[in-house]
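We have chain A already, so just place chains B and C on it with the hints.
Residue numbers (the numbering used here), protein chains in the order written: chain A, 1 to 362; chain B, 1001 to 1099; chain C, 2001 to 2363.
Heads up, some of the hints might be wrong.
Said to hold, decoys possible - Mimicking DSS-like on lysine-lysine, the simulated pairs with C-alpha atoms at most 30 Å apart in a straight line are:
{"id": "1", "chain 1": "C", "residue 1": "Lys-2261", "chain 2": "C", "residue 2": "Lys-2305"}
{"id": "2", "chain 1": "C", "residue 1": "Lys-2305", "chain 2": "C", "residue 2": "Lys-2163"}
{"id": "3", "chain 1": "A", "residue 1": "Lys-22", "chain 2": "A", "residue 2": "Lys-212"}
{"id": "4", "chain 1": "A", "residue 1": "Lys-130", "chain 2": "C", "residue 2": "Lys-2182"}
{"id": "5", "chain 1": "C", "residue 1": "Lys-2182", "chain 2": "C", "residue 2": "Lys-2145"}
{"id": "6", "chain 1": "A", "residue 1": "Lys-131", "chain 2": "C", "residue 2": "Lys-2305"}
These are computed hints drawn from the structure, not numbers from a lab.
In this text, all values refer to a predicted model and were calculated from it rather than measured experimentally.
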Amino acid sequence: MRFMNEYRDGAYAERYRKAIAKVQTKPWTLMEVCGGQTHAILKYGIDQLLPPGITLVHGPGCPVCVTAVELIDKAIEIAARPGVTLCSFGDMVRVPGSRNDLQAAKAAGGDVRIVYSPLDALRLAQENPKKRVVFFGVGFETTAPANATAIIQAKQRNINNFSMLVAHVRVPPAMEAILSSPNNVVQGFLAPGHVCAVMGCAEYEDIARKYKVPMAVTGFEPLDILQGIHICITQLEQGRTDVAIQYARGVLREGNIAAQRLMQEVFTVIPRKWRGIGEIPESGLALSERYAEFDAERLFGLVDYSVEESTECISGLVLQGNKKPVECPAFGTRCTPETPLGATMVSSEGACAAYYRYRNIS
Amino acid sequence: MCLGVPGKLIEIAGEDPLFRVGRVDFAGVIREVSLAAIPDARVGEYVIVHAGLAISRLDEEEAQEVFGYLDELARIEEATPRPEAPNPKPQTPNHAFHE
Amino acid sequence: MTVPNDTSTPQTPNPKPQTPFVCPIPKQQYENIVLAHGAGGRLMHNLIDQVFAKGFGNPLLETDHDSAVLEHNGVRLCFTTDSYVVNPIFFPGGDIGTLAVCGTVNDLAMSGARPLYLSAGFILEEGLPITTLQRIVQSMQATAKEVGVAVVTGDTKVVERGKADGLFINTAGIGICEKDLKIAPRQVREGDVLLLNGDIGRHGMAIMALREGLRFETTIRSDVAPLWGMVEALLDAGIEIHCLRDLTRGGLASALNEIAKTAGVRIAIDERSIPVRDDVNGACEMLGLDPLQVANEGRLVAFVKSEDADRALEIMRGHPLGEQAARIGQVTAGASPLVTMNTVFGAARIVDMLSGDPLPRIC
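Excised from the complex, chain A in its bound form:
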């Protein structure tokens, strides 16, 4: 597949590996922000290629895992209402809320459907005027333009049976939360390439300046990540703190203005609760007043619904008997009540969970 397979070339990976080893003289800790980047690192064994002095910390850039428990509960509540079709991205349906997940809600009789795009959900609404179609709008800024487009189209075409449960989160406030923590160990970032393709680099340049950390706006293929790492390590070795665009084929410094306009038309910035972290100011997007008629929380009377979120990590689930210890990949090793693991585990369909499950064996 063009513009994909070329960036999975083993020979170039080896050249990058050598270049990184050559430039690195001191230990450094980098964070890759996006879950997709984490997935590539584990899938291609990129961490195995790095010299021992470079530590990769996996960031919170997986909207699936940081979506607040109460939002999942709201989605489940909505799905259970008669005459409602709840549409969701596939990744969300197995993420547990406080009691259940969307898949169980479907088993219990809710009409839950997996879609590839919010525009598919909108089409479903158009084709089924008697059903109230709700789209579970999770995601970072990458997904916001698609959600914004669906909302604006709905308004223009009077598709009144369509609404959205908006759960958007924003990356920069999360990065600031990490950087301003007294226990922060992250010295450089692989910034999320597709988020920046939409939003541009300005917010990241502000963060780089404020906290004096270098960043490479990085793509998602293995060679992208290796180049991003080389760029960051080079900057760290040279004492620079710039934002460099590694993902030059997809990212402009100003981002995608048309996409930003769509977002600005529909969304406002609000504080948002992140699963396991709590509320981060200005870290979420919600529908503006102008589009309030499409806000599912209002339409279904769920605005004040709040859940006492348990912050126990997976070992808590083990102790409750919901999970056997051996099924938890990191139980007793890296995942304990004192050192819970992060976002990677949710992509248990693929390399991440397997990696953690078996790492000690290999």
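Showing chains B and C alone in chain A's frame:
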């Protein structure tokens, strides 16, 4: 979920930019994609698609940068004299950097 | 929250996490059946272990294979059952009828048994056009004739509108093991070579393309096909086959994990050797799926004694269903069951079983 996949725009339909769609070819699989965020999209271009919407166009020239960077590193290596110790700070290609 | 590179620097202290990210691992226990229980992955296996194996437990069931080999008066019969609930019932490359015959025949073939007779029980949805049913039956008969089996008994039930996706088919199959060779996961040995008869992921993606909410245009056709002919050729040539497994829901990844677990072995495969069509890859990339976990209906993995591998590969390649056959890996030494893959990068990664169900039912 930042799954953004590059595909080739093979057809465009729709007058209103908000409702304009394109048929995008992903190695032989074709999907209808919203072009609301790329109002000046042209047939034949590559776009990066996420959740059914093209979020950015793919710059085919910049696409080579991942490879060119290594060549540039090698060139700088050769041009820079190397003392025994300490390890001199290597230069890196500057065109991708911003202040 | 940190990930120490512990394999290379055991002395590096584990840095304290700065934010308490919590990992919401998908549930493994549900009170009710969810669609993922039918996906061929971890949830389904848990269900089988906890409910069916526990309830029915007997040594024959514990062979953990696609079909049961039954010995009676010196004759080794092979017996299997399957149900087909695919939606849509017609898809590029076949229909629920073709699937029903091929699937059952393949399950018998995986024990090295010549398929002989099938039963076909139909659960029909009120409102199903009879012409549709006729088409399906014709498909079944055509496939049955091709393989040399006969549908000798059946059953018909009708349920109310909405209680079946058009129709469901349940089959049972009987075959006969003509060779002495025992073919089952527990026969797998260290050093065995894995042979795959062709490219993977076609069936699953052909079905996905038709799913409402995921629709895309493609020319991918299901690979549904009866595999007995190719297995017969291998048996006739005296190839020492230790295990055969047809790849269905859950894909190559799930099949290999099942066998590794039952046989208690480690399996190492090579990513570069596994054929995947460009368009299947394109569809998988677009939807974020792993071709290793996508369903097939005309593909098998053969575990053969390493000395017979070259000859077996040649025989497979000489058969229409094995033209793209490839040697994809080997059974290796190791204390606990594991499936690993050498990636195009040369690094090894774990190949895990499908956990849940990103796909709607496909067979």
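Right, here's what the structure says about each hint:
1. C:Lys-2261 <-> C:Lys-2305: Holds. Lys-2261 of chain C to Lys-2305 of chain C sits at ~19 Å (cutoff 30 Å).
2. C:Lys-2305 <-> C:Lys-2163: With a Cα-Cα distance of about 47 Å, the restraint between Lys-2305 of chain C and Lys-2163 of chain C is violated, given a limit of 30 Å.
3. A:Lys-22 <-> A:Lys-212: Holds, at about 24 Å.
4. A:Lys-130 <-> C:Lys-2182: Not satisfied, since the Cα-Cα distance of roughly 58 Å exceeds 30 Å.
5. C:Lys-2182 <-> C:Lys-2145: holds, 27 Å
6. A:Lys-131 <-> C:Lys-2305: violated, 58 Å
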